[in-house]
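If you want the building blocks of each chain, they are given just below.
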Amino acid sequence: MAAARMGCSVIMFAMHLDSIALMPCNPNIGGSSKGHLVREIDALGGEMAKNIDKTFIQSRMLNKSKGPAVYSLRAQADKRRYSAEMLNTLRRVDNLHIRQAEIVDIIVNESKRAAGVVTSTSGVARARAVVLCTGTYLKARCLCGDTIDKTGPNGLKSAMGLSESLDRLGIRIKRFKTGTPARIDRRSIDYTQLEIQHGDVPVIPFSFDTRQEDLRREQIPCYVTYTNESTHAILRENLHHSPMYSGVIEGVGARYCPSIEDKIVRFADRERHQVFVEPEGEDSGEMYISGMSTSMPEDVQEAMYRTLPGFEKARVTRLGYAIEYDCVDGMQLDCSLMFKHVSGLFSAGQINGSSGYEEAAAQGLIAGINAARLCQNKPPITISRSEGYIGVLIDDLVTKGTNEPYRMLTSRAEYRLLLRQDNADQRLMKKGYEAGLISRKRYEQLITKIEAIEKEIDRVETHVIPPGDKINRFLEEHSSSRVITGVLLAELIRRPELSYDMLAPFDTKRSALPAEVAEQVNICVKYRGYILRQSLQVEQFKRSENTLLPIDIDYFSINGLRIEARQKLNTIKPLNLGMASKIAGVSPADLSVLAIWLKARRA
Amino acid sequence: MSPPTAKAMNHLEMSLLPLNSDTIAAISTPPGRGGIGIVRLSGPDAFRIAREIFKPKNRASSAKPFKLRYGHIVDDGNILDEALVSLMPAPKTYTTQNMAEINCHGGNACVRRVLELAIRRGARLALPGEFTKLAFLCGRIDLSQAEAVMSVIGAENDFALKSAADQLSGTLGNKIRSVKEEILSVQAAIEVAIDYPEEFDFAARSLKPKLIGVSGAIDKMIQSGVFSNMLAEGINMVIIGKPNVGKSSLLNAMLGRDRAIVAEQSGTTRDIVSDRLPLGDLLINIMDTAGIRETCDAIESMGVERGLLAAGDAHLIIWVIDGSSQMDDEDERVMEFVKKVIVDNGKLAICAVNKKDLPTVVNTRHLRSRLGMPCVRVSALANEGVDELKEEITRLFSVDNRDDDTLVTNMRHIDVLTRAKQALQSALQAIDNGLPDDFVSLDLGEAYHCLGEITGDTAGDDLIYRIFSTFCVGK
Ligand SMILES: Nc1nc2c(ncn2[C@@H]2O[C@H](COP(=O)(O)OP(=O)(O)OP(=O)(O)O)[C@@H](O)[C@H]2O)c(=O)[nH]1
Ligand SMILES: [Mg+2]
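From first to last, the protein sequence lines stand for chains L and H. So the mapping is simple: this note's numbering equals the position in the first sequence, first residue as 1, plus 16. So the mapping is simple: this note's numbering equals the position in the second sequence, first residue as 1, plus 516.
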């Protein structure tokens, strides 16, 4: 979609046209760090945020007490409408042709550049760039007990041909595994035995452009329950039936997404595990049982779900299963998501070893933008670790690689205080504008907003509030210490018990500002010390990122580097000193040696 | 190649230089006893730090750049050593930053002490070869030397890592690793609650006691580092007490010669009388002070002042009382002071109950239990009990008697531990100030990262690994 909007003529192949934007696993978007990704996608001109704003059935802002950098917006989606709405949007894009077919081969010209694809029915589509987003379909097989189906997710046809083609191109392939829980008939659960969870009022949108009036709708509750000893007993007795433990599964699963049988083995001392019961949509008759993904045989699954309180009469509508699929080693890609040794070939999403809809969407957007830029002979648009979670995600995948499905986490972002979900527009919209996905008008609005924020911060940092009875009475009411001399407004904002908004009555010079500006002022002033500290680190990192490392360096020939560093650097071939500094096994002294070597080489 | 000015440095060089925020410090002479050692400082705070730790003898003459000035190294007003210092303003220096060079001639231990002072005042210990690197990148070293510079850095780096590894095989390594583990476990708990907010309800505040414990453990390691320096440079032992109890007599008895004037009238000793006393493996810097009392005599009260200052800074205090007469208000006041420095500053103290040749009226056992410090009965005049007193001192400073036998001898370790402790303090402060957990985690991350410099770990995924091995999460 991005490439078409950027003016390229695009053909999009899907195994099933009806499975575009299908959520085969959990029915929600966002959550910790994933919410950040969605906001960043929005700032760059992607669709995910707008689509979920149109189709959510419940929305909550989590982590509100943990600090502004980790606020996390999470929404339950109406699965059917989410997919339908996205398809609608796609159908309205000029230059975009959508076609159902299985791709079995990638055409490469003599200079090893991707030149098109071949379908299983021998159709040929020529192109100057190819983007692979194979999801979990590639050579997929689904396991449930000892039943193995050679299908993709949700019983859909898998893509069997393409892996060999990739292999022929010299691309290293890995095998990952993930899984999903069963769906339960909505009417068969006794909700009186479950804890209820309501959405937030008012709802905060994902997209910077969604207006409050477009969010009004009735929200649908979710529920919480817990496993118990009988659940665990059933699982323990039947472990030998699990393909996970009988050795049938070859793929590597993620530590952060264990199946329920995995949980009871690895955390045997836990008496119970939390289970979230989430509707799959407004009119859907099914509930998603989050926290209980499984690949146990049918009878075990039925019995196991029925041990949950309120589930005594539960009827399974779809069984849980584990799915194995092919993916590529991300270290073969550069940070525009193009294969280093097959120019014009890009890949994005689970094929690069990631998991999650948001991670996939972020990569898809970057790969799409850069495929278009390549066709237009423009340099790629990349995002640094210091600019966004998308940067962290892609940098991790292409420099560190991953040996399990990779999930975004806030703890992976070392500059997360600066990479907040509330300022994704300030961080990334410029790039979206450069790519041509953000209109000039929208970009100018952003500039106005940034200027207003900066001006107000300057004012707040110099405005003095005089002492007086009124302010002191207010301070005492909020158990804040009295002021005896004049005090900077900023200093008061920095007190944990106060905020920019609360101090409005005492701030006589304040002009009316949009809420989004006030929010930014409050955060930036309140946490100034920590923010400054990270800004300094970022500045340092950016400078080292600007020092490029030519791809043809033979690190073994550089005296002074430790052996471990030479090996690591030679395998990863970082593009700049900044990337090199994030590699385990490369010490600060090694970086010094590199810096000197570079300078000597230049002279 | 002519050295370029700071202005003429091209973009690449700028980008290779560290940000000018850090002031770095290092010993630039090969270690070894005797001779002159130089501590170098470079960075924006170089002058400030030098001024704080160096007081020129001749205050009147204004400091001329690049000129050596004579004076003393001081620590909170205490003179530690003589030194020659020159200040060199940017940009025409080796590193093109402000630089200070401190020449001291107290041998290894003294140079290290100066470096330690500089670090305490905010300098960062330079990385291996960092000065040389700066100099090279600024064009101060010829291009042809690049290869040599690189191997110097490489070798130092290897050496530093190797010696760190050597040290780490023992107790210190285990202690640091266990401290790291604890920090990581707290951070993992905070992080998992951030990344899985619906599954974990947790507040950093609840782990505050654990963090205080960790901070204390690091503090102990730092102290033991200071302790090991103390062993090398001598233990500062100060004799205090009210007038006429026999302090000067005790000094003489311990030294075995008449060093200080002894007289029947009170207020004999005025200035500090000091000397060195070898005691087995230990070296004691023994100091006799003026008797403590309120007095109108200006000179005597200056003496009292100096004595108290020295005591406040001592490693060990010997408090002398006259056992042949009842304790009075003056004794009580000295006792309050001693108790305070023991509690507040963690000082060691021994009470010497003097004049045991005369009929004793003070109950030593009673005193001991009341004070919670060792009490030794002596007679300075008859030279009795002096050996017992010396034994008590040796015992206090024997390695076995420390509850912490870890000696952090490596300066880099002290530097790193100090920074880790600061980060932990900042985390605790964040909790106390009611800042959200995210900020606590940031500080913890910094502390963990600092300690990684000792164990030689670089960037890694420890935290994420820890989260998933400890907590059961996921859809
Ligand atoms: N009988 C007896 N007399 C002692 C002993 N130690 C010191 N004296 C006497 O006590 C008097 C004071 O001794 P100093 O050593 O000068 O006492 P000081 O505590 O240094 O006194 P100031 O310097 O005035 O504070 C002298 O006459 C000593 O001879 C002792 O152990 N037994
Ligand atoms: Mg005396």
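Hints are computed from structural coordinates only; laboratory data are not their basis. Hints may contain errors.
Said to hold, decoys possible - Computed list of lysine-lysine pairs in DSS-like fashion (alpha-carbon distance at most 30 angstroms, straight line): (1) H/K726 with L/K542; (2) L/K615 with H/K724; (3) H/K937 with L/K558; (4) L/K356 with L/K190; (5) H/K736 with L/K542; (6) L/K190 with L/K173; (7) H/K937 with H/K726; (8) H/K726 with L/K558; (9) L/K80 with H/K724; (10) L/K329 with L/K446; (11) L/K80 with H/K608; (12) L/K416 with L/K471; (13) L/K416 with L/K465; (14) H/K726 with L/K80.
Stated by the list, open to error - Which stretches of chain L does chain H cover? Using the computed rule of at least three CB atoms under 8 angstroms from a CB of chain H, they are: (15) 76 to 84; (16) 572 to 586; (17) 606 to 612.
Note that CB positions come from ideal geometry on N, CA and C, so glycine has one too.
Between L/K416 and L/K471, does the CA-CA distance stay at or below 30 angstroms?
The hint is violated at about 41 angstroms.
For the pair supplied as a hint, H/K726 and L/K80, confirm whether the alpha-carbon distance does not exceed 30 angstroms.
Given that 30 angstroms is the threshold and the Cα spacing comes to 25 angstroms, the pair holds.
With the threshold set at 30 angstroms, check whether the alpha-carbon distance from H/K736 to L/K542 stays at or below it.
violated, 34 angstroms
Please verify the coverage claim for the region 606 to 612 of chain L: does it have three or more residues whose C-beta sits within 8 angstroms of some C-beta in chain H?
holds (count 5)
For the pair supplied as a hint, L/K190 and L/K173, is the alpha-carbon distance within the 30 angstroms limit?
Judged against 30 angstroms, a Cα distance of about 20 angstroms means the pair holds.
Hinted pair H/K726 and L/K558, Cα distance within 30 angstroms
Measuring from Cα to Cα gives roughly 36 angstroms; hence the hint is violated.
When you check the alpha-carbon spacing of L/K80 and H/K608, does it fall within 30 angstroms?
Given that 30 angstroms is the threshold and the Cα spacing comes to 52 angstroms, the pair is violated.
Assess, step by step, whether the Cα of L/K416 is no farther than 30 angstroms from the Cα of L/K465, and give holds or violated.
violated, 37 angstroms
Check whether the Cα positions of H/K937 and H/K726 lie no farther apart than 30 angstroms.
holds, 14 angstroms
Within 30 angstroms, alpha carbon to alpha carbon, are H/K726 and L/K542?
Holds, at roughly 27 angstroms.
Do at least three Cβ atoms from the region 76 to 84 of chain L come closer than 8 angstroms to Cβ atoms of chain H?
It holds, with 6 qualifying residues against the three required.
Between L/K80 and H/K724, does the CA-CA distance stay at or below 30 angstroms?
holds, 21 angstroms
Going through the hint list in order, the structure does not satisfy hints 2, 5, 8, 10, 11, 12, 13.
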